[in-house]
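Line by line, the protein sequences are chains R and X. Letter by letter, the first sequence follows residues 1 to 210 in this note's numbering. Letter by letter, the second sequence follows residues 1001 to 1547 in this note's numbering.
The hints are simulated quantities; they were obtained by calculation from the structure and are not laboratory data. Here the structure is a predicted model, which means the values were calculated and not measured. Misleading hints may appear alongside valid ones.
Claimed, not checked - Here are the in silico distance ranges between beta carbons for each label pair:
1. THR1340(X) to LYS116(R): 42 to 50 angstroms
2. PRO1437(X) to ALA163(R): 15 to 23 angstroms
3. LEU1459(X) to LYS116(R): 45 to 53 angstroms
4. ALA1362(X) to ARG114(R): 31 to 39 angstroms
5. VAL1006(X) to ARG114(R): 24 to 32 angstroms
Claimed, not checked - Within a straight-line C-alpha distance of at most 20 angstroms, the following computed DMTMM-like cross-link-like pairs (lysine to aspartate or glutamate) qualify:
6. LYS69(R) to ASP87(R)
7. LYS164(R) to ASP129(R)
8. LYS69(R) to GLU31(R)
9. LYS116(R) to ASP131(R)
10. LYS1539(X) to ASP131(R)
11. LYS69(R) to ASP129(R)
12. LYS1539(X) to GLU3(R)
13. LYS164(R) to ASP1436(X)
14. LYS69(R) to ASP131(R)
What the hints assert, rightly or not - Take a look, some chain R residues computed to stay more than 10 angstroms from chain X by CB distance:
15. ALA48
16. MET60
17. TRP65
18. GLN78
19. THR134
20. GLY203
Note that beta-carbon positions come from the ideal geometry of N, C-alpha and C, so glycine has one too.
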Amino acid sequence: MNEHYLELRDLSISLAGRTLINVDTVVRGGEVLTVMGPSGSGKSTLLAAIAGFLPADFTMQGEVWLDGKRIDPVPAEQRGVGLLFQDPLLFPHMSVAGNLRFAMPAAEQDKTERLKAQLDEMNLGGFSDRDPATLSGGQKARVALLRLLLSQPRAVLLDEPFAKLDTHLRNDIRRQVFARLSQAALPCLLVTHDAEDAAAAGGPVIELAI
Amino acid sequence: MAGPVVLGLLMVILPAFGYLPAVGREEFSTLPWRDLFSAPGIHRSALLSLVSGLVTPIIALTIVMLFLAGISGSKFDRLIRRLVSPLLAIPHAAAAFGLAFLIAPSGFIARLVSPVLSGWQRPPDLFIINDPLGLTMMAGLVTKEIPFLLLMALAALPQLDPGRRVMMARSLGYRPVLAWLFTVAPALYPMIRLPLFAVIAFASSVVDVAIILGPGLPATLSVRILGWFSDPDLSLRLMASAGAILQVIISLTAIACWLLLEKVVGHLWRYWTARGQRRRFNGLLLISGRIGMTVTVMLLSASVSVLAINAFAGPWRFPASLPASWTWQHWANTASNLVTPVANTLLISITATAIALVLVLATLENEQRHGKSRFTALWLLYMPLLVPQVAFIFGLVVFTETMTWQPGTWLVVVGHCVFVIPYVFLTLSEAFRRLDPRWVHMARSLGASPNRIFWRIRLPILLGTALTASAIGVAVSVGQFLPTQLLGAGRVPTVTTEAVALASGGSRNVIAVWALLQSLIPAAGFILALTIPRLLWRKRRAMQESA
């Protein structure tokens, strides 16, 4: 399997003529690039731009390349860029299995068996038919992570993914997320204002000012 | 939506000046206008329409504003909020019949107080229903428009954060009701102005309620126009067209008067606010708002109950409060006549609503996908509700006749769509646009195409709202009298046209059967709209809470 890598080529985002962010970097597979900055510095906007959801008031210059292909002109759903937010955003009208199946590529074989194996591996065995609303915070976070991985992304963007978790859960979930992401050898971009997140990620850090 | 309205108006202007090839008139003249103004009592008819168009919104708005000012989250407030939608679903004609049976000299209220309190052994000789001043008609309109305005206001309020405004004003020493009236009401008013204009246009041109509760000799302008238009003597159509133009002028005049009134009240408001009056009248305003709303809700609920009593009443001599016995007889007698109108009503309302739902969803989805500027020209969408029905529907009839399209069910469906679409759009658009965009972002980042997201994410999450919008659409369609009567050329009977046709001279029991049916169909729609999501999402807690 070829190694995934995400390139931000002289990427800059501006709002009403004012440049918020200017990045030029490469994130290798299994590496986590952390972008830190206070709220309002535009770090979430950077993720939105890479994922393909830049609000219309912002303008983006530069290019985004993934695995040697330019992806910034491609529609969001074809970019292969997965997202993890601070809210798990499990679709409220689907069961746990429904959420996971929604993420799996249509062509995949033996979905049911794969699902079961993956749930067991995440210590979520027997949760298939559960209503997401009845899960604990940590369980929701793990389902969200599993859903992300099952969609087979080629890069992952994390937007303060641990901010809403209780302190005792946060370390545990953080460890699991980074372990799974590095196991999958995915290039990751993390935005956070929590220095512990940056330390746990263990990769390079970009600090943004306002 | 503006298209059919403009077309209808254009097609009524030509005949108003004597040009109607369909009846062999091809010369322009002012004869229709001279005929119109020499019709007996025409000035009184026009004045009745104008007054109704002003009195109705003034009373309805006052009660709604005072009630909202006093809202404090009590059990009473919650009960009213819960009753608003079902009360709104009662068609105008059914509510009007119920009110008539309630307050007529031989009606339910008179029976309750007789003979013990009133001493009446026979129905008193009072002119309550069809009173020459149209007071009963206006009362009927006010009770029906209050739930509409209340629903519109409740939908707009959360954006204003009324709690914080009131808290701020109270900390400056204002009593709660005054605090609301000074800080929230001026911000809320512009947000319900369009619906209010719709109420003015409706109250000044209503047909079915005016036939049932309104004065007889002379009737309101709209009722007389309908009479001339349906007259076998086709030449009266020219005069009817001139009348339709006059109707537009009357409704515009009512709106102009309202704008003037707005200025005056605005000045008074600023004066009062600037005086810093903090305490006086607080209690009085609170009480009057509560009383107004309570009377409205009670009148509407009692109207439906009285319909039900009448529909099953056996022999019922005057002073008796309740019928001597109960019977299915009226239903059995009407049963054979019910089938076609009920089938038509269901077919037309469901088809029109389905068309409206597809169009509205497509518009909203398109807006989301292409990030196009929101459809902000709300007044265009509102146009069918702002222009008097009598005016442009006649024009549409003239147009279909010119095109030699056969009047019939499909034309009626199209006519209903003109009124159903605005309501479906208004109900659905806010929820559709406010849906957290992160759901869609998440789904797309998982590789789902826009179509898949629409069917699997957006539509299911908004299912409850879409069903409510559909129920409102069905209710709007079921209540339509004029478009059904005219575009169907009287040959497409629905429960509404049948009920209104019985207004003069039908037996109370038979009218009650029809009016009750007319209310039951929208009620069934609302029950389905509430039940389906509950059943579907019974294992999804987050969906239950949002429903």
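How the hints compare with the structure:
no.: 1; hint: THR1340(X) to LYS116(R): 42 to 50 angstroms; result: 57 angstroms, violated
no.: 2; hint: PRO1437(X) to ALA163(R): 15 to 23 angstroms; result: 19 angstroms, holds
no.: 3; hint: LEU1459(X) to LYS116(R): 45 to 53 angstroms; result: 29 angstroms, violated
no.: 4; hint: ALA1362(X) to ARG114(R): 31 to 39 angstroms; result: 36 angstroms, holds
no.: 5; hint: VAL1006(X) to ARG114(R): 24 to 32 angstroms; result: 59 angstroms, violated
no.: 6; hint: LYS69(R) to ASP87(R); result: 30 angstroms, violated
no.: 7; hint: LYS164(R) to ASP129(R); result: 25 angstroms, violated
no.: 8; hint: LYS69(R) to GLU31(R); result: 19 angstroms, holds
no.: 9; hint: LYS116(R) to ASP131(R); result: 16 angstroms, holds
no.: 10; hint: LYS1539(X) to ASP131(R); result: 6 angstroms, holds
no.: 11; hint: LYS69(R) to ASP129(R); result: 38 angstroms, violated
no.: 12; hint: LYS1539(X) to GLU3(R); result: 42 angstroms, violated
no.: 13; hint: LYS164(R) to ASP1436(X); result: 18 angstroms, holds
no.: 14; hint: LYS69(R) to ASP131(R); result: 39 angstroms, violated
no.: 15; hint: ALA48; result: 8 angstroms, violated
no.: 16; hint: MET60; result: 15 angstroms, holds
no.: 17; hint: TRP65; result: 18 angstroms, holds
no.: 18; hint: GLN78; result: 8 angstroms, violated
no.: 19; hint: THR134; result: 6 angstroms, violated
no.: 20; hint: GLY203; result: 21 angstroms, holds
Checked against the numbered hints above, the structure breaks hints 1, 3, 5, 6, 7, 11, 12, 14, 15, 18, 19 and satisfies the rest.
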